[in-house]
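Protein chains: 2
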Amino acid sequence: MISIAILGYGTVGSGVVEVLEKNRDSINKKAGEDILIKYILDLKDFPGTPIENIITHNFDVILNDEDVKVIAEVMGGVEPAYTFVKKALEKGKSVVTSNKELVAKHGPELLSIAKEKNINFLFEASVGGGIPIIRPLNQSLTADEIYEITGILNGTTNYILTKMSKEGLAFDTVLKEAQEKGYAEKNPEADVEGYDACRKIAILASLAFGMNVDYENIHTEGITKITARDMEYAKVLNRDIKLIANCIKEDNKVHAMVAPVMIDSTHPLAHVNDVYNAIFIKGNVIGEVMFYGRGAGKLPTASAVVADIIDAIKHKGCNIMSFWSTKSMKFISMDQVKAKFFVVVKTDFMPAAKDSAEKIFGEIEYIILDNQEDELAFTTSEITEKAFAEKINLLNEETSIVSVQSSIRLG
Amino acid sequence: MISIAILGYGTVGSGVVEVLEKNRDSINKKAGEDILIKYILDLKDFPGTPIENIITHNFDVILNDEDVKVIAEVMGGVEPAYTFVKKALEKGKSVVTSNKELVAKHGPELLSIAKEKNINFLFEASVGGGIPIIRPLNQSLTADEIYEITGILNGTTNYILTKMSKEGLAFDTVLKEAQEKGYAEKNPEADVEGYDACRKIAILASLAFGMNVDYENIHTEGITKITARDMEYAKVLNRDIKLIANCIKEDNKVHAMVAPVMIDSTHPLAHVNDVYNAIFIKGNVIGEVMFYGRGAGKLPTASAVVADIIDAIKHKGCNIMSFWSTKSMKFISMDQVKAKFFVVVKTDFMPAAKDSAEKIFGEIEYIILDNQEDELAFTTSEITEKAFAEKINLLNEETSIVSVQSSIRLG
Chain A
1473 MISIAILGYG TVGSGVVEVL EKNRDSINKK AGEDILIKYI LDLKDFPGTP IENIITHNFD
1533 VILNDEDVKV IAEVMGGVEP AYTFVKKALE KGKSVVTSNK ELVAKHGPEL LSIAKEKNIN
1593 FLFEASVGGG IPIIRPLNQS LTADEIYEIT GILNGTTNYI LTKMSKEGLA FDTVLKEAQE
1653 KGYAEKNPEA DVEGYDACRK IAILASLAFG MNVDYENIHT EGITKITARD MEYAKVLNRD
1713 IKLIANCIKE DNKVHAMVAP VMIDSTHPLA HVNDVYNAIF IKGNVIGEVM FYGRGAGKLP
1773 TASAVVADII DAIKHKGCNI MSFWSTKSMK FISMDQVKAK FFVVVKTDFM PAAKDSAEKI
1833 FGEIEYIILD NQEDELAFTT SEITEKAFAE KINLLNEETS IVSVQSSIRL G
Chain B
1473 MISIAILGYG TVGSGVVEVL EKNRDSINKK AGEDILIKYI LDLKDFPGTP IENIITHNFD
1533 VILNDEDVKV IAEVMGGVEP AYTFVKKALE KGKSVVTSNK ELVAKHGPEL LSIAKEKNIN
1593 FLFEASVGGG IPIIRPLNQS LTADEIYEIT GILNGTTNYI LTKMSKEGLA FDTVLKEAQE
1653 KGYAEKNPEA DVEGYDACRK IAILASLAFG MNVDYENIHT EGITKITARD MEYAKVLNRD
1713 IKLIANCIKE DNKVHAMVAP VMIDSTHPLA HVNDVYNAIF IKGNVIGEVM FYGRGAGKLP
1773 TASAVVADII DAIKHKGCNI MSFWSTKSMK FISMDQVKAK FFVVVKTDFM PAAKDSAEKI
1833 FGEIEYIILD NQEDELAFTT SEITEKAFAE KINLLNEETS IVSVQSSIRL G
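As they're listed, the protein sequences go chains A and B. So in my numbering, the last spot in the first sequence is 1883, and the numbers never skip. So in my numbering, the last spot in the second sequence is 1883, and the numbers never skip.
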């Protein structure tokens, strides 16, 4: 018998309790011991529910109970999660968490405490919901030097983009519907502005490269400016628009970005739709691998938390996570990163607009769509981000150009 | 410093040496020790190559050297691999292998010896080449009751089918080209008849269900009868033909099959092309997850072997693989398994053929294609395998039917 505690009885926390109940026999068999949930920390009381007797409001009760060997932190947010987790690890209790903010901000410190104490700090659920990605990165792709990670890491935005693409709807319309269905938060900022994906790619990249990839250095754009019209153009180009998080290592520096990208339909990520997530990894030996599944949701996320609980129990006295140094990876300046771009401009005089576009961007390819009288759409050849920004400014100054409507990277 | 030995210096064996050399620093760091290849067992001598001094022809030299803690068996075939691996495990040496025949035939016995000796028998490379799938099944999806595994597990046949689908070529033509390119063996039987995929699905299912899924009980069909015409019909149905290996658990019994299947283009496996493999898993908590990558090839396979070597070194004195019982899973009779079918028949009198098809199969949907004068194609509703076989026999007896050209399951 081994006692555990759960910090937070929200969506994920109640999912963890449900999964431990639902698959109890097979889980206990795999853990090698019967798992007892001794405490659940929450502000509320949940009277009349099966958990009412194990609810506590006082973290110190858990911290000071020597029976408790593993703690699942599923509260979210940096504080008080960070304080609790740090104290637990320092007391020699293994911690598993689904909290990407905590891992992105304090991962290396918490990993190093766990290593020192010869216990485990595990966070499979912090990226990709139930998709096994942290453990494969840490234990399976170890023969490789990984040099690229590209992912669809946010289910809410992927649901919105899929719906916009398939049904020709506007962003605001789909967001509202997603909020009604509970797929998007009332305040959707963390998802639609890319902040959530940014923290997740920082965690994956840090783990893959063994050094801290600071999420605050990652260029992050959301999907709020994507239009139904952009989706139409994407189709003509045999592409789809996805919120892509990526990190590429070159000569011991990285460039990392979260942004909407028009990806080619032959790319495996192009077929990752709805609330699904996928992580596409390139290594110098293995070539390309991809991991796909539900990136969020109560039970998939709880599945990953419980798998970590089992692993923590199986590895008592045996630290299994790779070290991820507090030293920061150097970033290649965003200015120097290269891409091809898709551009749409409004014009009041098409021939002059074409002349301007060709003069400024050189070799471009026009994209033909219906009802295009006042609209010029084209793709550029590969140029640096800096050059692109400068050229867009120049284009905006041309008298024939009313406004730049869209600019999206191709991938 | 830890000494290892490699059994077999063929494609995979030389890949293992290459990977250990190429990424030496990061591999040693992850293993926590410097890895020394002390012996390579092979029948040949390789004079004048960097490995000539570590070649041995005598397995007992390796077996009796106490320095050797981990052995990589990459010879293939059941014997002498089985004898060597068993002796090594009994001597307390961890073994990693890429050998699917060995694992499918003797997996449970070898795992139980490893468990008893508190060492490890690891076989990530035996299924899906470099794709991490064994370790995720064993360590990541532990909170779930897995009830379905469906995979594209053979790169050669997937290459052939992709080429047939994209270029409208005949099976024989593409096979010949694949043989010239080295993608298919001179004797392609194990691949094109589905035997290779059969062993792999048996390994995955055994591991997922914790009991032996005997590969000899798995209904196995190859792709040799698939025609370019079938591919045309598949396109009309918005489907693609893939060699699918699957195993489904229902009420503690399984049904398992390797066969060409027309899968819908919305299924994630439909976009797995060329030599790529993918494994699609359903669990009662996680929902659906998929793992994708190169299913064969020197370096991807070596990547998995080396990752296992690292894991074996990190887990000295700590057995990490789940037990997979020697007890056999019961199979649901193939007769009772249900599917929808795609059927093509040649006829010399179309109206009568349609009458016959409708009389025998009930509700069917015709598929319209060019140049169809003497050819009737339709899909059936869901029926059992037994009923389908009976109905096909009845159809064959109808005077208007010249012959049944194709019958392929829909998935």
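It is possible that part of the hints are untrue.
It does not matter which identical chain is meant; a pair holds if it fits inside one copy or across any two.
[Stated by the list, open to error] Calculated pairs, EDC-like style, for lysine to aspartate or glutamate (alpha carbon to alpha carbon, straight line, at most 16 Å): (1) Lys-1501 - Glu-1617; (2) Lys-1770 - Glu-1760; (3) Lys-1863 - Glu-1657; (4) Lys-1818 - Asp-1723; (5) Lys-1863 - Glu-1639; (6) Lys-1786 - Asp-1846; (7) Lys-1494 - Glu-1617; (8) Lys-1799 - Glu-1493.
Simulated from the structure, these hints should not be mistaken for laboratory data.
Quick rundown of the hints versus the structure:
Taking identical chains as interchangeable, the C-alpha atoms of Lys-1501 and Glu-1617 lie at most 16 Å apart only when they sit on different chains, with a minimum of 12 Å there against 35 Å within one chain. When the C-alpha separation of Lys-1770 and Glu-1760 is checked against a cutoff of 16 Å, the pair qualifies only between copies, where the shortest distance is 14 Å, while the shortest distance within a copy is 30 Å. In this assembly of identical chains, the alpha carbons of Lys-1863 and Glu-1657 never lie at most 16 Å apart, being 37 Å within a copy and 54 Å across copies at closest. Taking the closest pair of Cα atoms, Lys-1818 and Asp-1723 never come within 16 Å of each other, the shortest separation being 41 Å inside a single copy and 62 Å across copies.
In the homo-oligomer, the alpha carbons of Lys-1863 and Glu-1639 never lie at most 16 Å apart, since the shortest distance is 33 Å inside one protomer and 41 Å across protomers. For a Cα distance limit of 16 Å, the shortest separation of Lys-1786 from Asp-1846 qualifies neither inside one copy, at 65 Å, nor across copies, at 64 Å. For the identical chains of this complex, Lys-1494 and Glu-1617 are inter-copy neighbours only, at 9 Å across copies versus 39 Å inside a copy, given an alpha-carbon limit of 16 Å. When the C-alpha separation of Lys-1799 and Glu-1493 is checked against a cutoff of 16 Å, the pair qualifies neither within a copy, at 41 Å, nor between copies, at 27 Å.
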